[in-house]
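Here is what each chain is made of, one letter per residue.
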Amino acid sequence: MENEKNILEVRNLQVNFKTYAGDVKAIRNVSFDLRKGETLAIVGESGSGKSVTTRTIMGLNARNADITSGSILYKDQDLLKKSDKDMESIRGQDIAEIFQDPMTSLDPTMKIGKQIAEPLMVHKGMKKEKALAQALEMMKLVGITDAENRINDYPHQFSGGMRQRIVIAIALINYPEILIADEPTTALDVTIQAQILNLMKELQDKISTSIIFITHDLGVVAGMADRVAVMYAGKIVEYGTVDEIFYNPKHPYTWGLLSSMPTLDSSGDELPSIPGTPPDLLDPPKGDAFAARNAYALKVDTEQEPPFFKVSDTHYAATWLLHPEAPKVTPPAQIVARQKKYAEMQKDLVAQQRPAVPVEEEEEQQ
Amino acid sequence: MDYENADKILEVKHLKQYFNVGKADEVRAVDDISFDIYRGETFGLVGESGSGKTTTGRAIIHLYEPTSGEILFNGKNVDNFKSKADQREFRQDMQMIFQDPYASLNPRMKVKDIVAEGIDINHLAKDDADRTKRVEDLLETVGLNKDHSSRYPHEFSGGQRQRIGIARALAVDPKFVIADEPISALDVSIQAQVVNLMKKLQREQGLTYLFIAHDLSMVKYISDRIGVMHYGRMLEIADSDEIYAHPLHDYTKSLLSAVPVPDPEFERTREEIHYDGSGENDGKERHLVEIAPRHWVRADDDEIDMYTQRAHEASLIRK
Numbered sequence: 333m334e335n336e337k338n339i340l341e342v343r344n345l346q347v348n349f350k351t352y353a354g355d356v357k358a359i360r361n362v363s364f365d366l367r368k369g370e371t372l373a374i375v376g377e378s379g380s381g382k383s384v385t386t387r388t389i390m391g392l393n394a395r396n397a398d399i400t401s402g403s404i405l406y407k408d409q410d411l412l413k414k415s416d417k418d419m420e421s422i423r424g425q426d427i428a429e430i431f432q433d434p435m436t437s438l439d440p441t442m443k444i445g446k447q448i449a450e451p452l453m454v455h456k457g458m459k460k461e462k463a464l465a466q467a468l469e470m471m472k473l474v475g476i477t478d479a480e481n482r483i484n485d486y487p488h489q490f491s492g493g494m495r496q497r498i499v500i501a502i503a504l505i506n507y508p509e510i511l512i513a514d515e516p517t518t519a520l521d522v523t524i525q526a527q528i529l530n531l532m533k534e535l536q537d538k539i540s541t542s543i544i545f546i547t548h549d550l551g552v553v554a555g556m557a558d559r560v561a562v563m564y565a566g567k568i569v570e571y572g573t574v575d576e577i578f579y580n581p582k583h584p585y586t587w588g589l590l591s592s593m594p595t596l597d598s599s600g601d602e603l604p605s606i607p608g609t610p611p612d613l614l615d616p617p618k619g620d621a622f623a624a625r626n627a628y629a630l631k632v633d634t635e636q637e638p639p640f641f642k643v644s645d646t647h648y649a650a651t652w653l654l655h656p657e658a659p660k661v662t663p664p665a666q667i668v669a670r671q672k673k674y675a676e677m678q679k680d681l682v683a684q685q686r687p688a689v690p691v692e693e694e695e696e697q698q
Numbered sequence: 002m003d004y005e006n007a008d009k010i011l012e013v014k015h016l017k018q019y020f021n022v023g024k025a026d027e028v029r030a031v032d033d034i035s036f037d038i039y040r041g042e043t044f045g046l047v048g049e050s051g052s053g054k055t056t057t058g059r060a061i062i063h064l065y066e067p068t069s070g071e072i073l074f075n076g077k078n079v080d081n082f083k084s085k086a087d088q089r090e091f092r093q094d095m096q097m098i099f100q101d102p103y104a105s106l107n108p109r110m111k112v113k114d115i116v117a118e119g120i121d122i123n124h125l126a127k128d129d130a131d132r133t134k135r136v137e138d139l140l141e142t143v144g145l146n147k148d149h150s151s152r153y154p155h156e157f158s159g160g161q162r163q164r165i166g167i168a169r170a171l172a173v174d175p176k177f178v179i180a181d182e183p184i185s186a187l188d189v190s191i192q193a194q195v196v197n198l199m200k201k202l203q204r205e206q207g208l209t210y211l212f213i214a215h216d217l218s219m220v221k222y223i224s225d226r227i228g229v230m231h232y233g234r235m236l237e238i239a240d241s242d243e244i245y246a247h248p249l250h251d252y253t254k255s256l257l258s259a260v261p262v263p264d265p266e267f268e269r270t271r272e273e274i275h276y277d278g279s280g281e282n283d284g285k286e287r288h289l290v291e292i293a294p295r296h297w298v299r300a301d302d303d304e305i306d307m308y309t310q311r312a313h314e315a316s317l318i319r320k
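Protein chains in written order, with this note's numbering: chain Y, 333 to 698; chain A, 2 to 320.
Pulled out of the complex, with its shape left as it was, chain A reads as follows:
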């Protein structure tokens, strides 16, 4: 990916997403995060359950009203889409692939109607023949057969259902796709198929992905850049190879050290690094700092030196 000339398709600025605001059980699901996603890249978002990664995805596609902060899509503030036309365009450009291929397809609709729902709503098809053709093309694109179009979801396996979900997302010709744990419900052998399909579609259609997952090895494989979230905050952002080879933040180190690797020799010697998150809540002002080129770490003023030192040791900074 060429980042010199890349333009930003999405800018998230100081996004806060709180629930039950003002009540005793206020939840700060996303607490002041900022990041950009460039056109044509895959941005991976990792973190444990409860870290706020799904909430971030949902806030971006505007399923929630953000508590504060801005989300700019193609330079326009998502919150300010007041006119129907603007909203419709936004909903076409941004689509979502869901985690559970069983819950996310209406069991009483035929595959062709599931896939064509976006086409119908946006009046993209000229006539019935065009609609049918579009659906059949989409099914073919995702590796299904056009004969499948008059069947119901229960007739398909998990991997095939996820392909239907992908075809549905592609039906409105989106530019930006949020995939929230799209493969975690699938078997290992099927996961690879779906990931390969997503990569192929990205090459062919120039899609931008926000890939949310907790399976760190798969995230690394598919992503160009990765953001690590913890307790609603973004702790580290860097190129995926770099963040895996040279994590700077202690939490990222701890998270990576916990990933089991299919290699018994490695597993016998693997040491998990324990992370103590209490330091994060000491009340000091912290924000993302670019420690090495395009490698951001959340730090306060005193910690910058420490991270810079670490970056030097990992030869991320030349001098």
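So here's chain Y without its partners, still in its complex pose:
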């Protein structure tokens, strides 16, 4: 591992899907780190490759997937070189996943207590009684009321929110190092969503797991993530801390995403939208894949792919606009407002740090 703090390092990952029409280049050179204990959000449209990335980590890709290059380092071992059998023991034990739809990710014919206990029996060889006892504890932990009486119920006897709690209980029963949450609240109502997100934060503190959170809801990202990676057309186009991405975004695609979501304050006739549709990854365009939909596209965008430019130690964006010779552009109004807020926050931070000095002096005196 390059860095002590990392639990997972993905490097130069490329995944193609073989179809009758040709190779769909779903992941085109993706690299990122997951730090211990953090929540990394991956955002992007459908087809941008967020789910393929995590499925590749889990070794759950469809049979026509072809991993052409890259490595996924977990505890100094490359997951891509593991046998199916090894991956099976890693899944559910070291790395677990919560899926989007709690209606389809549970076995309708199995009692939920057994479903929650199953990972313990399979991975740890635990006896059934002991495993069920732990399952009961887990049910209480994820907030299933009246757990003792419900342990022998079937999934259809629970509401959507409760089912998602069961799915979370199954994923966390072995205290995994990494939890992948693929749109875990998209199928739920806002009030239930709030409960589930709070539960995930609470449990993350309790069992100190690292989370990869996939979603297209930027509101959820703002509340959950420590760091954010924005994906477009099979690539990460920008990544940084949650504040950097929301208040000081640099990539025009991130601008578009942030502006096209109405906030509760926005009004006016026209909602800024990103024109057009994502490119066909059977034949990805030359240069920057976003160029065709990008009002800020430069001539170089259609010819050469932009490399990552460094904005800060934690913030990188792949857009030619950050090149020293690029023309200065004004981002959309909403983004300018966000940047202004960011500047003020930075000022506040500096101001907050100043009164810290006398406190230290006091301590010295004591």
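If you are wondering where the hints come from, they were derived from the structure by calculation, not from laboratory data. All residues carry an ideal CB built from backbone N, CA and C; glycine is no exception. Check the hints yourself; a few may be wrong.
[Said to hold, decoys possible] Label-pair distances were calculated between CB atoms; the ranges are: (1) Y:ALA665 to A:GLY207: 41 to 47 Å; (2) Y:SER644 to A:ARG204: 41 to 47 Å; (3) A:SER35 to Y:SER644: 31 to 37 Å; (4) Y:GLU420 to A:MET307: 55 to 61 Å; (5) A:GLU90 to Y:LYS618: 52 to 58 Å; (6) A:LYS254 to Y:MET677: 26 to 32 Å; (7) A:TYR153 to Y:THR662: 38 to 44 Å.
[As the list claims (entries may be wrong)] One side of the interface only, derived from the structure: several residues of chain Y facing chain A at Cβ under 10 Å: (8) ASN348; (9) THR523; (10) LEU529; (11) VAL553; (12) PRO604; (13) GLU635.
[Claimed, not checked] Okay, the calculated bits of chain A under chain Y, using three or more residues with CB under 8 Å as the criterion: (14) 18-31; (15) 83-93; (16) 218-232.
With chain Y fixed as given, assemble chain A onto it according to the hints.
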């Protein structure tokens, strides 16, 4: 929107829609709701799943026989349309846009036939050339290309399919369109496109929308007025800006407090307000009361003072 001179295009009066009536599993999906929709406005209907918002929409377009209550469209009771002509006119004037752009288009029909189905049924086209022209115009209106007309639905993306669904609804020149979660199956960047299209069509053709959704920020953006439903009942109706800035009912407050906002600073301090719905079922007689001008809240006689007090504190009532 000028409500002083606005006339009502739709009046829903004490609508009840029960399923499995008289059986052990009777469901009161919609339980005595009343509201009006004015010509040219967008009325947003929000609520959680199971709150009855979709059932309300379906009852209005008469996909169900209401258990009781009346629905007046242009002043005429929808239930009393006995003659074929009346029914046909009603079906032309009121159209629907569906949630799932994949399930709502027949995969074995070409786009032109999907869009023209309403034109054919209502004999709106003089001849084949007129039909083709109408279809091409409609496709253009919704931002598609006329070359698209001989393709099949699977050749389109979700956003484009939703545009086809909108073109189909517009084909019969409707006055009132029910959009049931029209954007929730679409990507964020495409949602904005479809919402902008719906707003543009409203301006150009004077359409009235009933916009049903659970995405509260998008509902606020598109709606003039909003109704909040819970357990089959309408709890609060007000102008969209007002209901978001000054919700009076506890449930509305709770619902709004749960909306995640794309602003990390805000999210760090956001407190969710928990709502205990048990008070709603204490058997007291409740109905919508106009607490502040054009701001209705479901209350019993004792609660009116409390809500009036809240409205005073929010300066919704001047005195």
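Query raised in the report: Does the interface hint hold: is THR523 (chain Y) within less than 10 Å of chain A, judged Cβ to Cβ?
Result: Holds. Min distance 5 Å.
Query - Given hint LEU529 (chain Y) near chain A, where the shortest CB pair must fall under 10 Å - result: With Cβ-Cβ at 8 Å, under 10 Å, it holds.
**Report entry** When the least beta-carbon distance from ASN348 (chain Y) to chain A is tested against 10 Å, hint result
**Finding:** Violated, because the Cβ-Cβ distance from ASN348 (chain Y) to chain A comes to roughly 21 Å (cut-off 10 Å).
**Report entry** Coverage criterion applied to the region 218-232 of chain A (partner chain Y; beta-carbon cut 8 Å; 3 residues)
**Finding:** It holds, with 4 qualifying residues against the three required.
Query raised in the report: Count the residues of the region 83-93 of chain A with a beta-carbon closer than 8 Å to any beta-carbon of chain Y: does the count reach three?
Result: violated (count 0)
Query raised in the report: Between TYR153 (chain A) and THR662 (chain Y), does the C-beta distance stay in 38 to 44 Å?
Result: Since the Cβ atoms of TYR153 (chain A) and THR662 (chain Y) sit about 43 Å apart, the hinted range of 38 to 44 Å holds.
Query raised in the report: Honestly, do LYS254 (chain A) and MET677 (chain Y) meet the 26 to 32 Å range at C-beta?
Result: Given a distance of about 28 Å, which is inside 26 to 32 Å, the answer is holds.
**Report entry** Hint status (Cβ of GLU635 (chain Y) to nearest Cβ of chain A, threshold 10 Å)
**Finding:** violated, 24 Å
Query raised in the report: Is it true that SER644 (chain Y) and ARG204 (chain A) lie within 41 to 47 Å of each other by Cβ?
Result: Since the Cβ atoms of SER644 (chain Y) and ARG204 (chain A) sit about 44 Å apart, the hinted range of 41 to 47 Å holds.
Query raised in the report: Does the nearest C-beta of chain A fall within a distance shorter than 10 Å of the C-beta of PRO604 (chain Y)?
Result: Holds - the Cβ of PRO604 (chain Y) comes within 10 Å of chain A, reaching about 7 Å at its closest.
Query raised in the report: CB of ALA665 (chain Y) to CB of GLY207 (chain A), is that within 41 to 47 Å?
Result: About 29 Å separates the Cβ atoms of ALA665 (chain Y) and GLY207 (chain A), which means 41 to 47 Å is violated.
Query raised in the report: Measuring from beta carbon to beta carbon, are GLU90 (chain A) and LYS618 (chain Y) in 52 to 58 Å?
Result: holds, 55 Å
Going through the hint list in order, the structure does not satisfy hints 1, 3, 8, 13, 14, 15.
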